[in-house]
Amino acid sequence: MDNNMINKTMKKSFGKSLLYTLPMFLVTFVLISGGKPDFSNLPAALAMMVTFLFMNVLYFMMHYTGKTDKFRAILFIIFALSLSFTLINNMIEMRHSMSFSQADVLECKIPFCHLVIPMMIIPAAFTKSIIFPGSIIGGFADISSMVVLWLVATLVLGRGFCAWGCFYGGWDDGFSRFRKKSAIKKISESWRWMPFAVLFMVALTAAMTLGPTYCDWICPFKAVTEFEQISSIESVAKAVVFISLFLSLVVVLPVLTKKRTQCSFLCPMGAVNSLSNKITPFVVKIDKKVCSECFKCVQVCPLFALSKEDVKNGKASVFCSKCGKCVDVCSKNAIHFGIKGVPAGTMKNFSRNLFLFVSFLFISVFSAGSIINAVQSIFKLIF
Amino acid sequence: MTDSFILGLSSGSACVATCGIVMFPYLMAGSAGVRRITTDLLLFFMTRLIIYFLLATLSWNFGQALFMNPVVRSIVPGVLYIVFAVMLIWYSIDRNRKKECPARLVAAIDNRRLVPLFLGVVNSLGFCPALFIILTKGATESTLLQSYETFFAFFIGSAFWFLPLPLAGKIKKKKVLETIGILATGLAGIIFIIKGITSLIGGLING
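Heads up: the sequence lines are chains B and Z, in that order.
Going by my numbering, the first residue of the first sequence is number 1, and it counts up by one from there.
Going by my numbering, the first residue of the second sequence is number 1, and it counts up by one from there.
Since the hints were made in silico from the structure, they are not lab data.
All C-beta atoms in this analysis are idealised placements derived from N, C-alpha and C, irrespective of residue type, glycine included.
No false leads were slipped in.
Now the stretches of chain Z that chain B is said to cover, found in silico as 3 or more residues with beta-carbon under 8 Å:
#1 1 to 12
#2 184 to 190
Lysine to aspartate or glutamate pairs mimicking DMTMM-like chemistry, simulated, CA-CA at most 25 Å apart:
#3 B:K312 - B:E293
#4 Z:K173 - B:E309
#5 B:K340 - B:E293
#6 B:K332 - B:E309
#7 B:K315 - Z:E178
#8 Z:K175 - B:D310
#9 Z:K175 - B:E309
#10 B:K11 - B:E293
#11 B:K308 - B:D328
#12 Z:K195 - Z:E149
#13 B:K308 - B:D287
#14 B:K128 - B:D142
#15 B:K238 - Z:D3
#16 B:K128 - Z:D3
#17 B:K128 - B:D216
#18 B:K70 - B:D310
#19 B:K70 - B:D328
#20 Z:K173 - B:E189
#21 B:K278 - Z:E178
#22 B:K308 - B:E189
#23 B:K67 - B:D310
#24 Z:K175 - B:E189
#25 B:K186 - Z:E178
#26 B:K340 - B:D287
#27 B:K70 - B:D287
#28 Z:K195 - B:D216
#29 B:K288 - B:E309
#30 Z:K195 - B:E234
#31 B:K332 - B:D287
#32 B:K12 - B:D328
#33 Z:K173 - B:D310
#34 B:K308 - Z:E178
Required output: the full structure, derived from the provided sequences and hints.
Pasting the structure below:
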């Protein structure tokens, strides 16, 4: 009966869902294909069409079923896997190895990722130089385009970037879905401030050493992207840190806790995005009049963004990534996507439709290149 | 100097969280304005700095006397770094930690003018894992000047947290800042564990 309540509120008819999908269909077609699909290269055109249709089916399903998280997660996880695949593929083509040498560093050939941004700010302000050995404009994953993309996304989505844009988040999101029940349930809420401590230390050490310390010493995703060539005891130590952090925070703990532990306890970008959550128009609201305080939303939140107190106060904390898991699990439909300034419990459908359009458009366009590349490679393998 | 500054900056928050509650009312009690608060804070900082320089002198001379052999000079501090860094991490994650500060003894002081000086002494001699790490570092520096620099960097880092004390009443989310600071202390501990392991491996290879 409870599920019927959700369906009545959020679920749309087949026709209405198609109608809601049409604008996404047109916009993604233009943005992914550039408006003029090139059919001269058949595998590339086929990969583009498959990706494009797949994305729009997911968007249609979000409207048709009234569920958000399940379909978001499918795209999000595929994005993470395909990006790692594309990145590794590119590096093997360019350098014949996943590791980079000192020559690559000196020639600024290291692909940039958004996790470096918090470390760049202080050194850039004082020395007018960028502490990352990547290409500023042009080339694969250049600094300027990544900074602009992240800035736009974080201003619009806030920490929503962590659930709708981050190409690493899909890894621990995926592993957190492996088990039906969590093996570790009691985790102190204090730990959710850890990314701020990491951000503080990383920004400080980067400013004092003028080097990207997080990438040099901590980033767990080095294990699935690129890493420093093993040439000294220091590089061995770094590789051990990368692999152990990846295994513990991205694989083992998410499986045991059903939480995104890397995003919750380590990522300094998560801390920055949490701060930007304060200025974004989209929020997750709780209608206190309808809420039965069952606290299922607290249990399922993958980022510790909801505590019992938050529920009683009627709003998610700054850690919320707007993944929609709590919205989907709420049997009373009390928790919902909202817009700042609009009272909780009102304009639920409008807010959800608007948020879904913006966030899904972002992840579709952002992920399309990597997914098309991965699909194309699969086609090459099969045929 | 960088790591000493970082250690001071990260552990200073925990220091304020523990001792600030005791120190703040005494430093600020009866003060009529900014001038009095500034004088009291300056006296407090000056006393701390003097004590740190004394500790720098002592630890360096101690190091010179004890760590004559270059292998011992790498292995012993390496082990000490690891032990104190583990203590520091434990200190940051231990939820049952008792917030006790020797500054409580200030109640025994009659002369109010002596309070900032007394607080400066007990605060700098409140032996916590972070100070043990700095003492180890001071003992292993090559020159006395470098040992002073180490303690000075630690002093500057930790002093940052005491500067907003006069505004403590107006700072919102103190608890959150305290939590972040304490977690950062744990991370600083990890840096010193790596430093300790490096020193230990260096000593073992040379030995």
